[in-house]
Amino acid sequence: MGQLWRVWEHHRLLQDTGPLRRVQGRVVPQWTNRVRLLTIRFVPLLTCLRMSVQYMMGDVTGPPPGRSNTHPNEPHDEAPAFLKAPHLVTLLNLLLCQLLYRPSGYDTPNACDPTATTHAAYACMDWGVGSGAMIAAAVAEGMNATHFFGVGSYGSGNDNLGKCFEIDIGIGRLALLQVVNTGGDVATGQFDLQMGDGGFGVFNACAAPTTGGAPPMFSGPTSAFGTQYGGWTHKADCVQLPKMPQTLPSLPPNEPDLVGLCEAGFNIGCRVDGGQNPSIKSARRVVCPAALVKLTGLNRTDGGNQESHGAGTLTRMMDCCKPSAGWTANIQYPDPNHPAVIPCTSDGYTRVSVGPPPAPGPPSPGPPPPSPLPPPPPSPPAPPSPGGCPGGSLEACIALCPPNPPAAYKACVESCAQRCTAAKTRQ
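If you read the sequence shown in this note's numbering, its first letter stands for residue 809, the second for the next number, and so on.
Some clues are possibly wrong.
[What the hints assert, rightly or not] Beta-carbon label-pair distances, calculated as ranges:
(1) T996 with A1016: 33 to 41 Å
(2) T1109 with S1161: 21 to 29 Å
(3) G1112 with G1028: 43 to 51 Å
(4) T1121 with D967: 17 to 25 Å
(5) T1055 with N1145: 26 to 34 Å
(6) N1113 with G978: 15 to 23 Å
[As the list claims (entries may be wrong)] Here are the simulated lysine to aspartate or glutamate pairs, EDC-like style, with alpha carbons at most 16 Å apart:
(7) K1089 with D976
(8) K1102 with E949
(9) K1051 with D1065
(10) K1102 with E1203
(11) K1102 with D1143
(12) K1089 with E974
Since the hints were made in silico from the structure, they are not lab data. Here a beta-carbon is modelled for each residue, glycine too, at the ideal position from N, C-alpha and C.
Please construct the entire structure, taking both the sequences and the accompanying hints into account.
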């Protein structure tokens, strides 16, 4: 069992940095990634098979996985006697290996990785500023009149991944943005915000020729997207963009096409006609709104408002690559129920399957049966709960809404607002 534990630790160490390294704003594909990906996939299996053969042959004193046998005097783990039954141990080893090394949907390769194929993960289009899903999330939180929601990069390291910041860029409405990406080209105080045609930057999975091995999300050449850094600088040029991902049969209800997403950045004011970047006046960390967490799939357990930053710059991007927060090992203080961003398939809206939700804990033991007591005096009737409001309150009603697809979530939130307000009025 000691050997199995070391195999597991060795495998986790291989995974801890994620399948790809991020530099200069996006993933940096290197030849070492191919070797490491093959190692992650095959070394655990070969190690399990080797251990099983060792047990069957009676050799249970070999070196632990990942360590050489160059020191003859190094102590080795001696298997307990009850584990030397070869057939039982072989079966247990193979079963444990199958369980421990089952790949997760969070490990889906990045579309911007040169080794990626058609089975790859991309950024989601409804993360862009002004998407129907982002507007619905702000509406659900009662903040749409004062804030716009979005995601992007804030700094070059992983420290900020999963955090949310309220940022003032001097346009009347505040930005409430979650950090889902990293970048070595993102300077201190700079928030690189995802928006329609925000510019590829160093890496590109949006249009051919891409910098990865997976097919581009959109048809047409890169020239249809304007400049590499920043995209089109004038709102009038947004019409030159392709309208939707090439594998998407039709847009989800209430979602604008890429032309509309490009124009939304100008309309909101987080993008200036002419290409200038708005200035950040201040930024402070806030607790991530539940509706935004549902949209990205990511949250942290150390949420708070004790962190603030001064002036900076709001830049823009859209490279269609899977973001850094798409790997669970990159997140500090992850929420077990929302451990990482859930990326999309090549259609830009369908989420990658990351497996079933966490299993619920064991039910709490019920209270002991009550002792017989005399009947209590009749109590006055309780006021009826609002029958037309599911859950009994607006908040409870919204909590019952399914997060996907975004259009259904938005419609559900609007229905809750109407039914619960009407029910409250009748009381």
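Holds or violated: 15 to 23 Å for the Cβ distance of N1113 and G978? holds, 21 Å
Straight-line alpha-carbon gap K1051 to D1065, limit 16 Å: holds, 5 Å
G1028 and G1112 - C-beta distance against the hinted 43 to 51 Å: 44 Å Cβ-Cβ, so the 43 to 51 Å window holds.
Using the C-beta atoms of T1121 and D967, is the stated range 17 to 25 Å upheld? Given about 19 Å between the Cβ atoms, the range holds.
Hint check: K1089 vs E974, CA-CA at most 16 Å. Holds or violated? Holds: K1089 and E974 sit about 11 Å apart, inside 16 Å.
Hint says 26 to 34 Å; check whether the CB-CB distance for T1055 and N1145 agrees. With Cβ atoms ~30 Å apart, the hint holds.
K1102 and E949 were given as a pair; does the straight-line alpha-carbon distance stay at or below 16 Å? holds, 12 Å
Look at the Cβ atoms of T1109 and S1161 and judge whether their distance stays inside 21 to 29 Å. holds, 24 Å
Given the hint that K1102 pairs with E1203, test it: the Cα-Cα distance must not exceed 16 Å. holds, 15 Å
Distance restraint evaluation - T996, A1016, Cβ atoms, bounds 33 to 41 Å: holds, 34 Å
Between the alpha carbons of K1089 and D976, is the straight-line distance 16 Å or under? holds, 6 Å
Is the Cα-Cα distance between K1102 and D1143 16 Å or less? holds, 12 Å
Comparing the model with each numbered hint stated earlier shows that all of them hold.
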